[in-house]
Structures are given as structure tokens and as C-alpha cells.
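Q: Given the coordinates of chain A, assemble chain B onto it according to the supplied hints.
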Amino acid sequence: MDSLPLGLYVHLPWCERKCPYCDFNSHETAQIPEQGYISQLLKDLEREAAALGDREVSTLFIGGGTPSLFSGEAITALMGGIAARLPLAATLEATMEANPGSAEADKFAAFHAAGVNRLSIGVQSFQDAQLQALGRVHDSDSAHRAIDAAKAAGFTRFNIDLMHGLPEQNDNQAKQDLHTAMELGAPHISWYQLTLEPNTVFYTSPPALPDENLLADIQDVGEALLAEGGYQQYEVSAYGRVGDRCKHNINYWSFGDYIGIGAGAHGKLTSHDGGVRRYSKTRKPDDYLSDSGFKRVGEKVLNAAELPGEFMMNALRLNTGFEIADFTARTGLEWSAVAETVEQQIARGLLEQSGNTIRASAVGRRFLDTLIAEFLVEP
Amino acid sequence: MSDLQHIRNFSIIAHIDHGKSTLADRFIQHCGGLSDREMDEQVLDSMDIERERGITIKAQSVTLDYKAKDGQTYQLNFIDTPGHVDFSYEVSRSLSACEGALLVVDAGQGVEAQSVANCYTAIEQGLEVLPILNKMDLPQADPDRVKQEIEEIIGIDANEACPVSAKSGMGIEDALEYLVENIPPPEGDRDAPLQALIIDSWFDNYLGVVSLVRVTQGTLNKRDKIMAKSTGKVHQVDSVGIFTPKRLEKPSLAAGEVGFVVAGIKDIHGAPVGDTLVHANQQEVPALPGFQQVKPQVYAGIFTISSDDYEDFRDALGKLTLNDASLFYEPETSDALGFGFRCGFLGMLHMEIIQERLEREYDLDLITTAPTVIYEVVTKLGDTLRVDNPSALPDSGEIDEMREPIARCNILVPQDYLGNVITLCVEKRGVQKDMQFLGSQVSVVYDIPMAEVVLDFFDRLKSVSRGYASLDYSFERFESASLQKMDVLINGEKVDALAVIVHRDQVQYRGRALTEKMKELIPRQMFDVAIQAAVGSKIVARQTVKALRKNVTAKCYGGDVTRKKKLLEKQKAGKKRMKQVGRVEIPQSAFLAVLKVDG
Chain A
1 MDSLPLGLYV HLPWCERKCP YCDFNSHETA QIPEQGYISQ LLKDLEREAA
51 ALGDREVSTL FIGGGTPSLF SGEAITALMG GIAARLPLAA TLEATMEANP
101 GSAEADKFAA FHAAGVNRLS IGVQSFQDAQ LQALGRVHDS DSAHRAIDAA
151 KAAGFTRFNI DLMHGLPEQN DNQAKQDLHT AMELGAPHIS WYQLTLEPNT
201 VFYTSPPALP DENLLADIQD VGEALLAEGG YQQYEVSAYG RVGDRCKHNI
251 NYWSFGDYIG IGAGAHGKLT SHDGGVRRYS KTRKPDDYLS DSGFKRVGEK
301 VLNAAELPGE FMMNALRLNT GFEIADFTAR TGLEWSAVAE TVEQQIARGL
351 LEQSGNTIRA SAVGRRFLDT LIAEFLVEP
Chain B
1 MSDLQHIRNF SIIAHIDHGK STLADRFIQH CGGLSDREMD EQVLDSMDIE
51 RERGITIKAQ SVTLDYKAKD GQTYQLNFID TPGHVDFSYE VSRSLSACEG
101 ALLVVDAGQG VEAQSVANCY TAIEQGLEVL PILNKMDLPQ ADPDRVKQEI
151 EEIIGIDANE ACPVSAKSGM GIEDALEYLV ENIPPPEGDR DAPLQALIID
201 SWFDNYLGVV SLVRVTQGTL NKRDKIMAKS TGKVHQVDSV GIFTPKRLEK
251 PSLAAGEVGF VVAGIKDIHG APVGDTLVHA NQQEVPALPG FQQVKPQVYA
301 GIFTISSDDY EDFRDALGKL TLNDASLFYE PETSDALGFG FRCGFLGMLH
351 MEIIQERLER EYDLDLITTA PTVIYEVVTK LGDTLRVDNP SALPDSGEID
401 EMREPIARCN ILVPQDYLGN VITLCVEKRG VQKDMQFLGS QVSVVYDIPM
451 AEVVLDFFDR LKSVSRGYAS LDYSFERFES ASLQKMDVLI NGEKVDALAV
501 IVHRDQVQYR GRALTEKMKE LIPRQMFDVA IQAAVGSKIV ARQTVKALRK
551 NVTAKCYGGD VTRKKKLLEK QKAGKKRMKQ VGRVEIPQSA FLAVLKVDG
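Protein chains in written order, with the UniProt record's numbering: chain A, 1 to 379; chain B, 1 to 599.
One or more of the hints may lead you astray.
Negatives, chain B to chain A, calculated, CB over 10 Å [stated by the list, open to error]:
1. Gly290
2. Pro394
3. Leu548
4. Val552
5. Ala554
6. Asp560
7. Val561
Heads up, simulated PhoX-like pairs for lysine-lysine below, C-alpha to C-alpha not over 25 Å straight-line [as the list claims (entries may be wrong)]:
8. A:Lys300 with B:Lys67
9. B:Lys572 with A:Lys18
10. A:Lys18 with B:Lys550
Honestly, the hints are just simulated from the structure, not real lab data.
Note that CB positions come from ideal geometry on N, CA and C, so glycine has one too.
So here's chain A without its partners, still in its complex pose (with noise of 0.2 Å):
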């Protein structure tokens, strides 16, 4: 489907230190073999591009992992490889994810130099107790640090991730947190509540966290001052204006379509007939790194019972919910594949709809998994 829009996703996977909550495809090495991966990433995509004729993308997403351990010099020649293998939009949104470490911020100037316009800056908190309780490499003077750096080198747009529900937390450390990011100026604020995950450290020896209560006081003031700091909520756990919010996470979450490359990377693609097909490619860095590691595994055309859900679990994490024609448009399937549940769930209180336009409730929004069960089917 040439309409829809097509974002780009690079895996870059390793980091210097695993930490004990991220289930994430990353790996701990000593040296990365950047030309190699890189090459590599170039093969992967000249295939993919193959596929597309082309369609032109207008998000580029660099995760991992922890891509800032890249040097420029590697990322100048990932960026110019892409430019030269797929139509970029001249608009293009290309974000990357770095860690506010310092040897990371000195880099910040050649990542901006090679094209990439956004930054996401994985600080977490800017408290060091808990910093250190989240196993992470850096502390807090390094967070101010690489926020300076970011804006010294040119970016205008970037993103300070943050965790809230952190071992041992207040509501007034929370909200501490958001202060300082809202303080820094940050025109855009991920604020995750942080979940124990199966196959980390911290799901076999869990940490002690706020209980349920805590936690949901943390999300209300949060919520509440984020609003008053002009950051407005357009996902569950994402804030900003909206010039200043990531256009390549929207694409996921409006079900749209996106390549993967890298090792783990995920990709999704709507075809001329209308079926959807998820892929992914090998997880292992050194497997990626054989011969001919970068071919699609896992690829799977989603059946009619399980698109509703796939559709759901992204589009109602958005506030602004999505339009009836968007489904029918990105599904393949009619509306009343689901007009039964969404009729039931805007009776019960969970959804609402305007005109054309469906979104959760604002008790939805909180009750949003049980929300998408609805539409889910069983194993």
C-alpha cells in the first residue's frame, strides 16, 4: 500500500552494561565490530529496499541497544548508505537513542553532522540512588551534561526517557524527576512506569517497588504536571506539543508501516492485497553478522481474528484513538469486524466515539488492557 507512510528501524544491539530491567535485544561486548554490522545492515537493507519500489520513508528510528556508542564516523556512512539505497522524505524525522554518558555527549555533534535530527536520551532518572538502583552506567551530573551537549550540538528536537515506579520511590521523587526534565526544556518526555519483564534480572530477583496504590498517586501528579507544563499526553506514556512529538513512534501506534533491519529488528508491511506481514531478523549480533544473517525470519501474514487486536493494542494507545476509515484502510477488514465489541465497550465506558473517530474514554485509558483483551482472541 503505497498511502500509508513507511518508517525505517535500525538495530544497533550492544551496550556497555546490560541493565537488570531491559528485555530488550542487547548485548554486552567489549568491542563492537562497527564496519562489519554496518555493512552488513547495508546488505540487509538493499534487500528490503528491493521490495518497495518507492515508496519513500519519512521516519528513520535508530534504536538498541545503545547506538551512541557508535562513532560518528560509523554513523555518517549508516546514514549516507541509507540515503543512497531508499527515497528519505525531505522531511525526514531521523531519531536516535543515546546514553548521557560523557564519551557518548562528545559524539552528539557528528550524529547531528550525519543527518540525524532528533535525539532520545535514555536518562531515567536524575537522581543517583536510583540511578544506581537501576543498574545504569551513568549518574545525574552526566544527564545535565548530555542534555547541554544535545542542545550545544543542534538539536532542537529530542526526548528525555524517563522511569517512574523505580524501587523505593515517592510520589515527590517522581515529580522531581519531571521538574528537572521540564526544567532542562525538553520539548519531548517519555515517562514509563517501570514493569518487571520476564528473562531480566530484576523478574528473578525482583526489587522492592511502590505498591499499587503508590504507584498509581505517582501516575496522577505526574500526569497533572506534566499538563501544567504544557506537555500534552498523546500516548500512554508519552508527552509533547505536537510539532515535538515522534512521528516514527506514531507510525507504529497509527498500525503503520515500517522496515527492520539489524539484529532483532522487526519490521511490518501491508502489501498491494491487503495483508499484513510481520517479520523479524536473527537476535543474536554474531548470527546477524554471518553470511547471510540479515534474512528475514519469522514471517508471518496475520490471519483476520488476530488483526482487530494487533489494530487495537497500537491505535488506542494513542489519545487521539483513530479513524473508523483507518481501520477498514489499514486491516483490509470492514468495520463490522469489530463494531459489535466497540459498540459493548463504548456502553461500558471504555471507549468513545466521536463522528467518525474512536479513542479510549479516559477510564480506558487506564483500564486500556482490558480494553484490548476485548478485541484480542484466544491462544
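A: Relative to chain A, chain B alone:
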């Protein structure tokens, strides 16, 4: 056909875990009943549940040829007996088919009440009881103490008790010799008219009802016309034979022998356990004594979570009753749970087994309501009703008198735990009937309301005695009692399936314990859930399950929703196992909360 002198019919009496099945396996192995390759562990417990729980539910038999040291070959018929207090009638029928019994006692743990009760039944029926000390390979084995216990508690000579280890195989041949020498051969005139005891019956999809029988006199031949005395119905015998343990057809079974008979009977009630088979042309032959129609002791409603499964559920119950004459069921309708069945069971274990089999073998999601005993209610009009369902209890204004069933409980406990056990019995409204010190153990007899016994008495007894006390009980009588119906309200609505009958003195405590337990079991929802216990219009206890404040996945990384989706799908599947009552989702476990209340 073996002559009577070379037949030995015996069963094994043992407490759960004392090693009955392992010993039986060793006997089969020693006599070559199965090759090593065929020798699946514990072959006699053929149902999965029996094997998992280590108990025998159905009686079975095996015929073995044993070449003894005297050079003669003996036909040994081992009749396996159910090993749980719920199945004591079946045990008594199995025992009456034998001339002897091996009392298998764990040489470390000593004698337990279940074995004592079965031993007394065996001795009453004139069986030779031979003590076997098992688990002699374990360091805690204390044969002298256990021998003394056997003599003091059961009152049989234990001097010659045979030491074995069924696990290691030690002493197996000695045990077989001991058995052949000491158990008397059967008696019975083979030329007399046929008389055979039905030890057990079960339904086979291909053969119909298969009955395990002991021929007491005469001969049972293929193609004979036979009649079951209690039904008066005549059937033609299709086949007879023995289990080796494989089914082996024979031309006939003669007096003294044990084997199976298949006679085209389609319904298990056509060949009830304990009934007598005779030849159709010799109907005057008397029935063997001891036959009883089995009566359920415990009743509970069983409902499907999804009403779509009702038909499947009914079919499944029909199939289970083919094989289980003691399972009773009739349709029941509940306002809260819809259409289901009121089922009667021999006891709690029987109930658990049935629910487990329905869920496992028939893939049904079920809700079982709190089990109840049968109450006798005398109305103001002078009628006596039998009530097996709290929601069917008449209004208190119409009741003149309520009577509850009392169980006679025989408890055997080491002296150290006697105090705890007495405290427990008093708490359960028990009245002491007898107490005797037998060596280091004490035999105490209490009359306790059946409702208290079936609830959690056995578990509590085990926990207050560190597992050492054991229990045997039987229905004794109905007795007038001050009982009330306690309703449970969820968000102000009475849920009929949660009602229980409680003693007036226990209303406060039960109400509080029940609502507290339900609070633990009902998951938090989008709104507060109020749980109230009430007698009439009076609220006696209240708990609130506070509303969840949010339920949302914080980070859903758009690139890969697969895992989050699986998680939500799994949660949804889990929710489907809950019953929606009004707006409230109630898990299966909450309907049985009354059983899980801590003492």
C-alpha cells in the same frame, strides 16, 4: 482349573504410601505375570489420577501362578482394594471375597487408623490377617516397635511378621511362602448351584459391563444364563476369565476362583458391587450377605463456566456414571451459575476426583459449589424433608426442627499430639465417645457433625498432628441441631450458589473467615466489590475488594507487539475461567472458599 487346595485369595490392607502397589508389582514380577518390558510401574492403578495420587479408586485383581518351595504350583488371586476412607464399602466387598489379607505396615511409620478399620473389617469377616513390615531398607525402620503396635492396636500376633522391602525386592519370596502357608485355601462345593459375589463392576466401551467376581459355590461357564439377585434380570454370559494382569478368557470359573464375567450388561447399575450372581434356573440360591445400595454422603452443585458446554457436561457425567455407580446427579438451576447438576459423592476425595476427571478427560471448565451434607428438616406442617442444597432450605419461619448427620470418627494418634487432636475435635463440635491408650498410640472415638468432617477435618487433623494422626469415619445418626443458612452477597446481590448451612454458634466466625478468604480469591476489578455474609437480613461480615486503579502496559514498543499480545491473550484465557455474576468476575476457587478457610 486349580483344585481348591492350591488356591489362595487375598487382598492387601495398607495405608496410603505404605507401599501396597509396589508390593503387588513385585509379586507380579516374581510370578512372571508380566515381562519386564510390560512391567509398567504400579500396573494395578490404571487410571492416571490413581497413579498421580498414589491411591486406588477401583478394585482390580490379578491371578498369578506361584511355584512354591514345596514344589507345588499355587494360584494366587490378589484382589486390590481402594485405599481411601471414602470407599470403605468397596473395601468390605473386596475383603469378603478373600480368605486372607496381608497387612502392610510401613516399618518406620507404624500403624494408621485407615489400616486398623480395614483390619477389623477383615477380622470380622474371618480373614487370616498376616502382618508384613515394608520399607525395611529405610534407616528409620523400627520393626520391634511396629510389631508391638500391631499387637496392641490390632490384636494379632506379629511375632512372625514378614520383613520386606517392596522397593528393593528384599523378602518378596519369603512373603509369598508366608502367604501360601498361612492363608487358608477357599472352600466351596463346585457341584452346588452357582453363587458368585460381585466385587466390582466397570464399563468397557467394547464389552459393556465387566464384573470382577468371586465364585463361592458352583461353576460359572461361558454361555450360562445368569441373574443378578438385586435386579432380577437375566443375562447370557459372553465370556469369563482371569487377569494375569492381562485379560485371559477361560471356559469357566469354579468355586474358590476369582475372575471376570462379561454378560452383555449395558448399565453398571445392572451389576452392583456386593450383589450375588446365580444361574437363571436356580433363582432360589440365596444372596450373599452384606449387599448395600451405595448412598452419597456429600453433595455439591457443578456448573459449566460457559453455558455452551452444558450438553457436553451432561454427556460426560453420563459416561462417568457408566463406570461409577456411586456418583449421583440430577439437574440443578442456579440464579448465579445457570444450568448445572447437583451431584452426590461418597466423600470429598470422590468429589475432587470426579471434578478432575471431568476437567481433564472431557476438557470442561467447571465450577463446583461448596459441598454440603444431607440435612433433615422437619417443617411446621410436620413434613420431614431431606435437603442436599442450602439454597433449597425452606424459610426459617417454616422450619420446626433441623437435624444434621453425625459421623462416628475413629482416630488413632501418637500420645504427643493427643491434646491437639482433642482441641480440634471440640472445635468441630465433637463429643468424645471413647479413648484407649494402646502402647504409644491413643485410639479416640468422637461423634462429630458430618458437615465438619467433610469440610476440612482430615486436613486439619493431619496438620495438628504433623501428619501422624489418622482417621476413619462412618455415618452414625441424624441429630437435632441449631443450624442457619448463611447467604453471601456480592455487591448487594445474593449469590445462591455461595450459600452455606452453618451452626448458630459459628455464624460470626464462619462469616468472617469466608468473606476474608473470598476477598483473597476474587481479583481486583475496575470497581469495588463488596462481599457480605448474611443470616436472614442481618449482615454478619463484610469485606471489600478495592478497585484496581489502573491496568495498562506502560511501554508497548510498537515494533514488536507479539509478546505483549501473548501475555494479554493468556490473561484473557485465564479470565474466561471465571464466572461473571452480575458485573463481577468470580474465579472457580472462590466458590469453594469455604473449604479453604484456615482454622
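Q: Mind verifying the non-interface call on Gly290 (chain B)? Its CB should be farther than 10 Å from each CB in chain A.
A: holds (52 Å)
Q: At 10 Å, judged by beta carbons, does Ala554 (chain B) keep clear of chain A as stated?
A: At roughly 4 Å from the nearest Cβ of chain A, Ala554 (chain B) sits no farther out than 10 Å, so the non-interface label is violated.
Q: Just want to verify: Asp560 (chain B) was marked as not at the interface with chain A; is every Cβ pair farther apart than 10 Å?
A: violated (4 Å)
Q: Hint check: Lys572 (chain B) vs Lys18 (chain A), CA-CA at most 25 Å. Holds or violated?
A: Not satisfied, since the Cα-Cα distance of roughly 32 Å exceeds 25 Å.
Q: Are all beta-carbon distances from Leu548 (chain B) to chain A longer than 10 Å?
A: violated (8 Å)
Q: Quickly compare the C-alpha distance for Lys300 (chain A) and Lys67 (chain B) to 25 Å and report which way the hint goes.
A: At roughly 67 Å apart (the allowed maximum being 25 Å), Lys67 (chain B) and Lys300 (chain A) break the hint.
Q: Is the nearest Cβ of chain A still more than 10 Å from the Cβ of Pro394 (chain B)?
A: For Pro394 (chain B), whose nearest Cβ neighbour in chain A is about 40 Å away, the distance exceeds 10 Å, so it holds.
Q: Please settle this one: Val552 (chain B) was flagged as non-interface, so is its CB more than 10 Å from every CB on chain A?
A: violated (4 Å)
Q: Beyond 10 Å from every chain A Cβ: check whether that's true for Val561 (chain B).
A: violated (5 Å)
Q: For Lys18 (chain A) and Lys550 (chain B), compute the direct alpha-carbon distance and say whether it is at most 25 Å.
A: Measuring from Cα to Cα gives roughly 29 Å; hence the hint is violated.
Hint violations for this structure: numbers 3, 4, 5, 6, 7, 8, 9 and 10, all remaining hints satisfied.
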